[in-house]
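Enquirer: Each chain, letter by letter, is given below.
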Amino acid sequence: MIEIKNKSLVHDLTPEIVSTSRKWYFIFGIFVIIWAVGIYALVQQIDKGHIVTGMRDNVVWGIYIVNFIFFMGLSYAGALISGVLHLFKSNWRAPVIRFAELITVISLCIGPFFIFFCIGRLDRLPFLFAFPRIQSPITWDVIAIITDLFGCFIFLYLSLIEDFAILRDTTDITIKPWKKKLYRILALGYLGTEKQYKILSQAKNIMAAMIIAIAIIVYSVLAWIFGVTLQPGWHSTIFGPYFVIAAVFSGTGLLIILMQLFRKIYRLEKYITKKHFINVGVLLLIIAAFYGYFTFSDYLTKWYGSVKMDKILIDKLFEDYYLMFIFANYLGILIPIIIVGIPRFRTIRNIVIAAVIALVGLWFNRYIIVVPTLESPFLPIQDFRMDFVKYSPTWIEWALTAAGVSIFGIFMMLVSKLAPLVSISEMEDSEDNRKP
Amino acid sequence: MKIKKYNKFLVSIILTVFYLYPLTAQEKGEPEKMSPYMEFKYLKNTEEQRILDAKIFLAGELGIIPVEGLPVRFYTNMEEPELLGEAVTDAHGIARLIIPDDLILPVDEDNNWWFYAEFEGNEQYEMTMEEISLMDVNLSMSLEETEDGKMIYLEAYTMKNGEKVPVSDEDIFIFVPRMFSLLQVAEGYFIDGEAEVEFPDNVPGDGAGNLTVIARFNDHWQFANVEKRIETTWGVPSSHDVAESHRALWTQIAPRWMIVTLSIMLVGVWGHYLYAIISMIRIKRIEKKKNK
Amino acid sequence: MVNDKSDKSRRKFLKNIGTGLGAISIGGASAIAGNKIIGSSGEKVRVLTAEGKVVEVDKDALKELKRETNERRETAREGIPNRKFIMVIDLAKCANARKCVEACQEGHMLPKDHEWIKLYSIQDAEHTAPYWLPRPCFHCDNPLCVSVCPVGATYKRDDGIVLVDSKRCIGCKFCMTGCPYSARSFHWKDPEAEVPEDHVYDPELNIPPVEGTVGKCVFCADKLRNNELPRCVQACPMGALYFGDLVEDAITNGAETLRFSETMEQKHGYRYLEELGTHPSVYYLPPVNRLFDYDSGMEGLSEQDRKRYKDTGPRDAKK
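Chains as they are written, first to last, in this note's numbering: chain C, 1 to 436; chain F, 1 to 292; chain B, 1 to 319.
Don't read these hints as lab results, they were simulated from the structure. Accuracy of the hints is not assured; some may be wrong.
Said to hold, decoys possible - Covered by chain B, per the in silico footprint, the following chain F stretches (three or more residues, Cβ under 8 Å): (1) 182-191; (2) 204-211; (3) 233-241.
Nothing here was measured: the structure is a model prediction, and the numbers come from that model. Note that CB positions come from ideal geometry on N, CA and C, so glycine has one too.
With the sequences and hints as input, model every part of the structure.
Expert: Written out as structure tokens, the structure is:
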């Protein structure tokens, strides 16, 4: 039997597990509708062919790949934050760490779907496993993503074991019998004994270290899909670390947004305080500084040198993609730094605004990495069809992007029905200061 | 040999000699009659066979379109045309007639043979015909490898009134057969019925250096096409073999170091996963033991 | 449960999702049903035809067609022994007649806007003269497109030719981003091409085009097996395209046959963007002593073709 000292923890952190509020159904319904529109768009695409998207012979990778990198980036941030926070045993990590783990696993499930949308022959997807070529960065990516998914899932599950055990044993709240039974199975018979606790923490520590390493490798492999080609703008030596930093940046932004969101919805003000926002905000500031440094470094060397293709690309960025470029690489970096850096601006509301700007700026950053390069190939695009010269996404691509976001919401909400979104055991441990 | 001026003009405009696939039946069956062109050639090959080739084609948008299945009649003797034979154009549009070796052809006052090929025309195609006239020449070739190099000795003579007339003041070319065509590698000049040509040292042959050497009067104004071929080993042995063991980024099998690195990394990572799963099993076991 | 509706969209939906029948049965069944049946085993199989009808087809006939196709796909990977194919393009003779483009499109059943050999108007610098550049696939000796293909659908043979196997391509388009010369095209929609009934798919000819796969110039490998020149080479009215074998050291445009090594030496042949290290198999002869001037390439062009050359794109020499 697991005994909890702070009974109110169980009560406060499990609102959706006990019963489903009307608000939950309403929001869930909206997400499902958006998702359904996305499914309709997908059927259209499969039926009529990829011609219904905006992708054409030069810009063969559009916002599907942008979304893929974006979601994979979110997942990496979750992995890093939960892994690092776990290993450093910082006290303030408790309410935040579960969100981070969930972001990791859920975005990791959504990301690969965007590649599927981009693949011309979905019926031949098994060929990736039947005839793999190890020399191809896509094969590296497939292996890496599967490894990452497995690893992050194991890590999430390990951290949920204690919570499942608590929920299995608790008498403070009424849980439906079928859920109780589920918890009994999922808790793996965890009874809180010394030995079990030791095995569990050792496993968690090892996995935390592993997922940090895995996530770095996975995201670098993703960056190298672009880095190993010869295209101007992609053939950059800095791409591996650059993508990793950008990923952590976006994930930290999302983490702050989710913290605020759930804090408001479930009235968790007691547990997620301003201190947490400031701590994660400081993380955001540090990462923003690194990200700004990498971006500047990348573009400076491109701009200063006289290589023709680099010049053409940078001209294109400053002419056709001016607004996006400014938003992503100036506002997206400076605003979070200013808001978190200056104590007067450090309110929860402002930090959340900074996070939103950072997140959107990073989506734009991915866009201006992928699309302008493809629009300026070595041999000029001499074509009379305007849609082959300039890429513009169609409603189908936007619908599927929205569907991806709504699936994220759907999964989050479904998880909230089974597991507490703030880790009960972590909160308990942090109050206890029990030595792991 | 006198070739009709417009025939040469045609050939020089349409620079390709090889053929696209014939049009489908639908395209051929147009109500309007089409007028094809004919290219009429004579070749005396290395076995001294005299071959008449009549090629019928249409000048299409995308080049030459040969016409298959048309009957062509071949005649000789300008004074009193005698039928030599009939042939039907094949898939390449060529109707070929081999003149029997023992048939003696009539010559005119210039000592020339005269040939005439005609396609009568049918519902789809208009009539077309060509004539050529040429002088018979006897060509012989022998090869010798001397200290000075690989030498080709050629002799050519025509027959006039039963007497040998040596060929003088004429060009002869040395070719080697390549995959799509003949490549000219040397050139000779006949003086008094004899020509001596040095064969270059750097012509690639097959893997063993085998090479067919061809001496040919090529589209000659008087002699049309006459050739002699000899199989030699005068080619530079050349082959193109990519070693089976060659491994690169683009070969089917990956470079060894790549496979090794990948395996080590995968085993390392999944080994840790195994450890985590085993931990979970151990936790479950402890519960079972406790409950006993 | 298969539907009898001859709804085109439904057929494509099922085809793509993969009901387990595969493209072979859908394409071949309507053709084989009722025609020559090889080794009838009596065992029938219900398949969906192209018109959306359900027919019963002898299982062995389907198997035979599939076996032949797979055999052909295997031999296509081996190539023609002891050859290394190269193409030489004489830029002094190119006048943008576009016959090469049309012949290629006709031979490979391509839609009119797919150009496996493409004509560019290039001006290298402000004070250099513009010229026309025909660009087929370069069949590089260090092909980045082959290196990045995750399923091995595109491969390089020993005779130098790089092919695409339309039956294996998953349409990820990584090869298209890998090629620095933009030589590949993607079939974004159903090309709606009809093939003869007992057609065996051969990557060397690569017809019919398949929706959702990548296509590119194949050096007409099917013609090479019959010692015939590629379609574009035969069609060029200026004789600007020469094709040959590096081992034999000979190139021909149909009318003229030259020694490759001599031509390179005398006319200073070069390869495009050599510094990228892809080692193309296509060589160019610089446009000196031009037979046709640049402007003659603009004559007689359709309106849309004229439009495409107005902006010479990113390599605008003025900048």
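Enquirer: Does each hint hold? Answer for all of them.
Expert: Consistency of the hints with the structure:
Check result for the region 182-191 of chain F against chain B: holds, 4 residues qualifying (beta carbon to beta carbon below 8 Å, three or more required). Beta-carbon proximity to chain B at under 8 Å applies to 3 residues in the region 204-211 of chain F; the threshold of 3 is reached and the given coverage holds. Look at the region 233-241 of chain F against chain B: 4 of its residues bring a Cβ nearer than 8 Å to a Cβ of that chain, three or more, so the hint holds.
When held up to the earlier numbered hints, the structure conflicts with none and fits them all.
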